[in-house]
Amino acid sequence: MTSRHEDYVYSLDSSGIRPEYKYIVDWIEKGSKVLDLGCGNGSLGSLLIKQKNCEVHGIETSKSGVESALNKGVHATIGDIDEGLDFSDSSFDYVVINVTLQMVYRPGFVLSEALRVGKKVIVSFPNFAHWAARLELLLLGRMPRKPLYGYRWHNTKHIHLFSYKDFCGYLEELGVKITKKVFFGWDSEHESSLAGIFPNIFSMEAILMVEK
Numbered sequence: 001m002t003s004r005h006e007d008y009v010y011s012l013d014s015s016g017i018r019p020e021y022k023y024i025v026d027w028i029e030k031g032s033k034v035l036d037l038g039c040g041n042g043s044l045g046s047l048l049i050k051q052k053n054c055e056v057h058g059i060e061t062s063k064s065g066v067e068s069a070l071n072k073g074v075h076a077t078i079g080d081i082d083e084g085l086d087f088s089d090s091s092f093d094y095v096v097i098n099v100t101l102q103m104v105y106r107p108g109f110v111l112s113e114a115l116r117v118g119k120k121v122i123v124s125f126p127n128f129a130h131w132a133a134r135l136e137l138l139l140l141g142r143m144p145r146k147p148l149y150g151y152r153w154h155n156t157k158h159i160h161l162f163s164y165k166d167f168c169g170y171l172e173e174l175g176v177k178i179t180k181k182v183f184f185g186w187d188s189e190h191e192s193s194l195a196g197i198f199p200n201i202f203s204m205e206a207i208l209m210v211e212k
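The numbers in this note's numbering rise by one with no breaks, and the one at position 22 of the sequence shown is 22.
If you're looking for bench data, these hints aren't it; they were derived computationally from the structure.
Since we're looking at a predicted model, the values are computed, not measured.
Be careful, since some hints might not be right.
DSBU-like mimics (lysine-lysine), calculated; alpha carbons at most 35 Å apart, straight line [said to hold, decoys possible]: (1) Lys22 with Lys50; (2) Lys180 with Lys63; (3) Lys181 with Lys50; (4) Lys119 with Lys63; (5) Lys119 with Lys177; (6) Lys52 with Lys180; (7) Lys177 with Lys165; (8) Lys157 with Lys30; (9) Lys30 with Lys212; (10) Lys119 with Lys30; (11) Lys212 with Lys119; (12) Lys52 with Lys33; (13) Lys165 with Lys119; (14) Lys52 with Lys30; (15) Lys52 with Lys63; (16) Lys165 with Lys33; (17) Lys180 with Lys119; (18) Lys22 with Lys33; (19) Lys157 with Lys119; (20) Lys157 with Lys63; (21) Lys63 with Lys181.
Turn these sequences into a full structure, and let the hints guide you.
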C-alpha cells in the first residue's frame, strides 16, 4: 500500500535536538522500554539510550529517518502509525508521541493505541487556542502561523489543529489522567509560569504525561 505520508529526507548523521527532549528524558526512568511514534532521525531515542540506558523502539514513515535512527542504536522500523501498533498490551513502559499527533490522520486512534501498548504515554502538541492564534484569526482573518511553527496553511504537515482544552476533554472521555505537564510560552522553547496557570490561552505548546 502506498503511504499517505511524505518521505521526509534526513541525513544519516543528523541530530536535530528539540526543546521537548529535556523534559521527556527527565521524565523517563532509567532502563525503561520506550516506543517513539514518529521517531524521525532517532535523536530522542539516542539521548534516552545514552543518558537513561533505555531500550528504544521507533516507528517512522521516512526511510532515511529510519536509517539514521538505526545508526543511533534505535530499533526503528518503517511504518504508518495510523494503521495501528503491532504490539501486545502494556509491552512498553513509555510511548512517546512528540509533536506528531497533529500530523496523523487518526489522532484519536493513535492515542488509544499508544495507551494500549504503553503503561505511560508522553505526548506534546502545539496549542491552537494560544492568544496570538486567536488574535490573528480575529483581526486578520488568516490561518495562524505561530502554532504551525511558521508554516503556512498550504505547506504544513499539521492536519488536525486542536487546543489544550480540546485534548483534555478527549482525555476525560477516555478516562485518562494527566500525571505530569509542562507548558512552553511564546517562543515554543521554554517553560512559562503564566502558561502553567492559564495553559489554553498562554501555552504555545504542551508536554503531558498521561496514563489510565
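Evaluated hints:
1. Lys22 with Lys50: Holds, at about 13 Å.
2. Lys180 with Lys63: Holds, at about 33 Å.
3. Lys181 with Lys50: holds (24 Å)
4. Lys119 with Lys63: holds (28 Å)
5. Lys119 with Lys177: Status holds; Cα separation ~12 Å.
6. Lys52 with Lys180: holds (19 Å)
7. Lys177 with Lys165: Status holds; Cα separation ~14 Å.
8. Lys157 with Lys30: holds (33 Å)
9. Lys30 with Lys212: holds (22 Å)
10. Lys119 with Lys30: Cα-Cα ~15 Å, so holds.
11. Lys212 with Lys119: Judged against 35 Å, a Cα distance of about 8 Å means the pair holds.
12. Lys52 with Lys33: Given pair Lys52, Lys33 holds - Cα atoms ~10 Å apart, limit 35 Å.
13. Lys165 with Lys119: holds (23 Å)
14. Lys52 with Lys30: Answer holds: Lys52 to Lys30 is near 4 Å, not above 35 Å.
15. Lys52 with Lys63: With Cα atoms ~26 Å apart, Lys52 and Lys63 stay inside 35 Å; holds.
16. Lys165 with Lys33: holds (30 Å)
17. Lys180 with Lys119: Between Lys180 and Lys119 the Cα gap is close to 14 Å, so the pair holds against 35 Å.
18. Lys22 with Lys33: This hinted pair holds, its Cα atoms lying about 18 Å apart.
19. Lys157 with Lys119: OK: Lys157 and Lys119 at ~28 Å, within 35 Å.
20. Lys157 with Lys63: holds (17 Å)
21. Lys63 with Lys181: holds (32 Å)
Every hint from the earlier list agrees with this structure, and none is contradicted.
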